[in-house]
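Hey, can you work out the whole structure from these sequences and the hints?
There are 2 protein chains.
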Amino acid sequence: MNSIDRLRKIFLRSLESDFSEPEWNRQPDSLYAPQRYILGIGGKRLRPILALMAAESMGRNALEALPVAHAVERFHNFSLIHDDIMDEAPIRRGKSTVHENWGLNTGILSGDALMVMAYKSLLKAPKSMIHDLFETFNQTALEVCEGQQMDMDFESLDRIEEGQYLNMIRNKTAVLIGCSLQMGSLIAGASKEVSKSLFNFGIELGISFQIHDDLLDAFGTLETFGKQIGGDIRSQKKTLLWIHFSNHQPETLKSIINSGSKNKVKEILYAMESTGSRAYVEAQRKKHFDSAITSLHNVKRNNCDTKDLESLANWIFDREV
Amino acid sequence: MNSIDRLRKIFLRSLESDFSEPEWNRQPDSLYAPQRYILGIGGKRLRPILALMAAESMGRNALEALPVAHAVERFHNFSLIHDDIMDEAPIRRGKSTVHENWGLNTGILSGDALMVMAYKSLLKAPKSMIHDLFETFNQTALEVCEGQQMDMDFESLDRIEEGQYLNMIRNKTAVLIGCSLQMGSLIAGASKEVSKSLFNFGIELGISFQIHDDLLDAFGTLETFGKQIGGDIRSQKKTLLWIHFSNHQPETLKSIINSGSKNKVKEILYAMESTGSRAYVEAQRKKHFDSAITSLHNVKRNNCDTKDLESLANWIFDREV
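Just so you know, the protein sequences line up as chains X and U, in that order. Each residue of the first sequence is one higher than the last, beginning at 0 in numbering that gives the first Met the number 0. Each residue of the second sequence is one higher than the last, beginning at 0 in numbering that gives the first Met the number 0.
I should point out that these hints are in silico values taken from the structure, not numbers from a laboratory. Don't be surprised by glycine CBs; every beta carbon is placed ideally from N, CA and C. It is possible that part of the hints are untrue.
[Claimed, not checked] Which stretches of chain X does chain U cover? Using the computed rule of at least three CB atoms under 8 Å from a CB of chain U, they are:
1. 100-107
2. 115-129
3. 138-148
Below is the structure:
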């Protein structure tokens, strides 16, 4: 079994055993059932795996990083509950979303409680580390909110620059990935320098990850990606691909949109390909991935074992789903 | 100037000076403006005053408790933003609510960020106290969410027992008042025993405070209370008064509701008075107030100066608004 699967198993076992603890069986159950539900319906478990792997890269037992692993997974799921409300999304990971099942109010409130549960998990770390961990976590939590707000603000803007978009996904997606690595290494005794390099590794990996997601939505195959291809194009979502194409080929875009064609999505995708937008965005994805690997080499120079982290980065880079 | 006004002034001065700090001027402003707005539109500032006063009762400078004072005020205002969404309330403290001004999504998100800002303020406490403060705060934050969920769950129940109601207001209202006192004293070096007695004082005071609120809504005068009297009765809100009356006089209540009368609210209020429900609830308010004062005497026996806290309790007990 590879390390990714091994660490996922460790995390899932811990999650399941947690669910039978008093902490997860408080009253009213109507507040806690939605939290257990969203934590239980899966996902790649990327963030907790990264936290555990960062601890192992310091030569320590992954179990030491469990307080961090649960904190980042809880925070991530809090943000999913609230994001799904904001996006009016009925489905998440193939299941109905929390607000769809329990209504808006319980969606808001169980999300709030799940954020507190994240802080609660982090407080299980050794006392001497609490201050540094909370400082990192607070900063990350704020930046995630800022990223989500920027994303919403973008909806009403006519033109967005690439730099704005990259800043938005850095906050909305990448910082929590960086924070998972940083806190996972801190709790395992990493120096500030090493933990900062791991944070940077996570940031660049996270940006590459999000750009990849946008590319898969446009050019993935339905079979492997599991949702309708071109959904972002159809809703004119401002991904890096859309931003590059609309900023560089405004006339082409306008003429396709104003045409009577029934195949607009396909025509836009074709134009994105033929005018070089796809290649540009692919190159950006590669650039941030390479930058992530460079940060990882800084960590390696400090006598940390970064083999598994590099495998995981490659797995993320090569994924088709 | 009495201590309440003096401490409110200290808090408000600190709040205003904070607003010009980088912490309150991050981007996007669309996320931070709603937070500054709700923190700025007033209220009694009861929780931060209690935190500062608790520190003074330990013989320390109130300023030492500012990290706690801001944390509890931020958390309280986070809960107001989200509660107003759940209650679909357009007005708060005579001004339009956050979601009314900025929409649902920014309401959810700026509330989330304000909760993080509460944790951020608490982290400014001396390092040696962080663990205890966060433990207290996490527990309180969860109980506030639990109380709000109970309150929502009550809406769909036919009959609620007094014990359930008291448990709900303990969580929704009283624990944050208790927590303000507990953390304000902890940061000023109080022992666990003293800080726990102050917590209990706050719990009982908070329960008495909430029962008082319900009584004022029913029997206050429009002039002093500032909102329409009998609003809770009109919406059949399950206050202690309503619960006692409907559990003890179900037939009387039914006959008024089913009558064609245009003065149902007045008739219910009259019946609550004549059947003893009002007197019962007034006695409950007094009972919890007396219990609060008893807890305060425990604190006094530990050489703390509880004079101001007792004045504040009396001010709360005697208020007409």
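We went through each hint and held it up to the structure:
1. 100-107: holds (count 4)
2. 115-129: With 7 residues closer than 8 Å to chain U, the segment 115-129 of chain X meets the three-residue bar; holds.
3. 138-148: holds (count 6)
Checked against the numbered hints given earlier, this structure breaks none of them.
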